[in-house]
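So the sequences go chain by chain: A and P. One gets the numbering used here by counting positions in the first sequence from 1 and adding 5 to each. One gets the numbering used here by counting positions in the second sequence from 1 and adding 62 to each.
Some clues are possibly wrong.
[As the list claims (entries may be wrong)] The calculated EDC-like cross-link candidates involving lysine to aspartate or glutamate, where the alpha carbons are at most 16 Å apart (straight line), are: (1) P:Lys133 with P:Glu312; (2) A:Lys113 with P:Glu326; (3) P:Lys153 with A:Glu106; (4) A:Lys113 with P:Glu195; (5) P:Lys279 with P:Glu195.
[As the list claims (entries may be wrong)] Example chain A residues on the side facing chain P (calculated, C-beta under 10 Å, incomplete): (6) Asp49; (7) Tyr95; (8) Phe101; (9) Tyr103; (10) Pro105; (11) Glu106; (12) Ser109; (13) Arg114; (14) Val132; (15) Asp136; (16) Val170.
Bear in mind the hints are in silico, worked out from the structure with no lab data behind them. Cβ coordinates follow ideal geometry from the N, Cα and C atoms, glycine included.
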Amino acid sequence: MNINHIKSLIFIALLLPLLWLGYGAWSGTLGANPIEAITRTLGDWALRFLLLTLTVTPLRRVSGWGWPMRLRRMLGLYAFFYALLHLGSYIVLDQFFYWPEIGSDIIKRPFITIGMASFLMLIPLAVTSTDRWMHRLGRNWRRLHKLVYPIAIGAVTHYLMLAKVLTLEPLLYAVILVVLLLARLKPRQKSPIT
Amino acid sequence: MLIKRPDDIKPSEITAEGIYRQRRHFLGTAAATTALLATGGLLLPQREVVAATDLRPLGSLTKSPFSTTEKPNSVEEITRYNNFYEFGTGKEDPAKYAHTLNTEPWSVTIAGEVEKPGRYTLEDILQPHPLEERIYRLRCVEAWSMVIPWVGFPLADLIKRFTPTSRARYVEFVTLHDPEQMPGQRRPTLDWPYVEGLRIDEAMHPLTILAVGLYGKELPKQNGAPLRLVVPWKYGFKSIKSIVAIRFTEQMPVSTWSRSNPREYGFYSNVNPEVRHPRWSQQRERRIGEFRKRETLPFNGYAEQVAHLYSGMDLKKNF
């Protein structure tokens with residue numbers, strides 16, 4: 006299996022959560038509050054893929070492998086895809102386009118404000134993910150894509166603030182994010198022994 | 063016999079390398095997809111079979127004029143979507159884990175400003191009270207709601223039996239605290255044990271009941287067996303479950319949620335669409351089983367019966 010096979014496999018694997026939800030909705034097995042289950046699950050996966058995207062660089066640095074780099078764009082785009090569906094589920098299924106409440110949610114409910122801000126920042130990253138944009142933006146592309154850090158922090162905060170009490174899962178993501186961010190602080194290369 | 067062999071394979075019959083590679087790629091992908099889907103199938107969401115519970119039927123029940131005529135939610139909805147953090151913070155955790163709760167024997171301590179304090183067996187507590195069916199709306203602070211056919215009796219009847227003293231201005235309720243039976247209590251999610259409270263006139267209100275059952279049978283453990291409070295005009299968390307102590311006090315009790323987050327949860331916690339919660343607009347709610355949200359009513363639709371309890375009070379301050 007070469008990298009393209011792996012990519013195809015992963016491309017399909019990353020669709021599984023969506024298929025799972027679709028099947029659950031169709032068969033009525035998402036529990037008493039399927040809308041909440043759908044919104045939450047989509048959010049979970051958006052965050053997971055976002056954190057996976059952030060794992061690529063440290064993994065490459067630690068392992069020396071080149072191939073994870075070739076998955077990064079796909080992972081990032083999937084994070085965007087699930088975030089988009091997560092937001093869509095909130096607007097369509099949960100609120101059913103009831104804009105007054107959506108508007109006041111965004112303004113008055115800090116966890117939604119933060120979630121929304123993170124999503125908005127994801128848009129330019131998704132748009133400029135193509136090779137053409139990479140070339141067009143040159144050095145600025147890397148600068149722009151540093152937005153992924155505030156996005157990830159925002160996404161984890163969004164989850165942490167959502168719960169009425171501190172629960173294990175968002176804390177776990179917070180710890181993972183901190184580790185991934187700290188991993189970037191390490192010097193790129195050990196200075197050669199002289 | 064002459065076997066004619068073609069001189070050569072015609073160029074047109076040779077598959078171009080690109081296409082050939084694409085085919086292999088396609089086949090590989092297809093195979094992989096099938097494998098993944100097959101594996102995924104094992105993990106698909108499945109409707110867990112609701113255990114054919116051996117919940118005892120509660121016999122003949124009086125109907126109540128306080129019951130709503132709205133259609134009750136299904137047993138499955140009522141027993142599989144619960145907030146009972148003593149068994150975990152997930153909505154389905156109580157249904158999964160509450161089986162470790164041991165409700166027999168059970169006793170309730172009556173204490174504080176009361177003439178007949180003591181520790182009573184559940185049988186003693188329940189014995190004199192005829193049971194009624196009370197179909198009430200339940201509004202969770204998380205902006206969802208249900209209609210539940212409770213079985214119980216007015217709390218007022220119980221309070222009168224134990225004759226509170228003139229100093230009793232509030233009633234405090236306490237849930238069982240036993241991490242062995244309640245695995246959620248092994249974590250400091252909340253300041254255990256769970257405590258709730260009512261003003262004495264709220265406790266004496268005819269709508270306030272102690273419930274021992276639902277749908278004509280004894281309470282499932284995840285719904286707060288064997289004895290729980292139901293105060294239909296307040297957010298669901300006020301209706302404390304699995305009660306082991308009822309204390310009459312002069313001072314306003316500090317409820318667990320207001321201790322945990324005084325800014326978000328007040329003592330009264332009446333359903334009020336005008337007082338918004340930092341996490342949820344309380345203007346609307348989703349009735350479980352419905353798609354579109356509906357307007358939330360003041361006092362959860364019980365304003366006619368209970369609004370007078372709060373006349374003259376600023377309900378935005380006393381939320």
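Practice task
Starting from lysine 113 of chain A, check that the Cα of glutamate 326 of chain P is at most 16 Å away, please.
Solution key: Roughly 14 Å between the alpha carbons, so the hint for lysine 113 of chain A and glutamate 326 of chain P holds.
Handout entry: Hint check: 10 Å Cβ-Cβ cutoff, valine 170 of chain A to chain P
Key = OK, holds: valine 170 of chain A within 10 Å of chain P, min 5 Å.
Practice task
So, valine 132 of chain A near chain P? Judge it on the closest CB pair being under 10 Å.
Solution key: Hint violated; valine 132 of chain A Cβ to chain P Cβ min 27 Å, cut 10 Å.
Practice task
Return the status of the interface hint for proline 105 of chain A: holds when the least beta-carbon distance to chain P is below 10 Å, violated otherwise.
Solution key: 9 Å, holds
Exercise for the section: For the hint on aspartate 49 of chain A, just tell me whether its beta-carbon gets within less than 10 Å of chain P. Expected result: 13 Å, violated
Handout entry: Hint check, arginine 114 of chain A versus chain P [nearest Cβ-Cβ separation less than 10 Å]
Key = 6 Å, holds
Handout entry: Interface hint compliance - aspartate 136 of chain A to chain P, C-beta minimum distance less than 10 Å
Key = Since the shortest Cβ distance to chain P is 20 Å, the answer is violated.
Handout entry: Hinted pair lysine 113 of chain A and glutamate 195 of chain P, Cα distance within 16 Å
Key = 40 Å, violated
Problem - When the least beta-carbon distance from tyrosine 95 of chain A to chain P is tested against 10 Å, hint result - result: 12 Å, violated
Exercise for the section: Assess, step by step, whether the Cα of lysine 133 of chain P is no farther than 16 Å from the Cα of glutamate 312 of chain P, and give holds or violated. Expected result: 40 Å, violated
Handout entry: Interface hint for serine 109 of chain A, Cβ within 10 Å of any Cβ on chain P
Key = Since chain P brings a Cβ to about 6 Å from serine 109 of chain A, closer than 10 Å, the hint holds.
Problem - Interface restraint verdict for tyrosine 103 of chain A against chain P (beta-carbon cut-off 10 Å) - result: For tyrosine 103 of chain A, the interface hint holds, since the closest Cβ of chain P sits about 7 Å away, which is under 10 Å.
When the structure is compared with the earlier hints, violations turn up for hints 1, 3, 4, 6, 7, 14, 15 and for no others.
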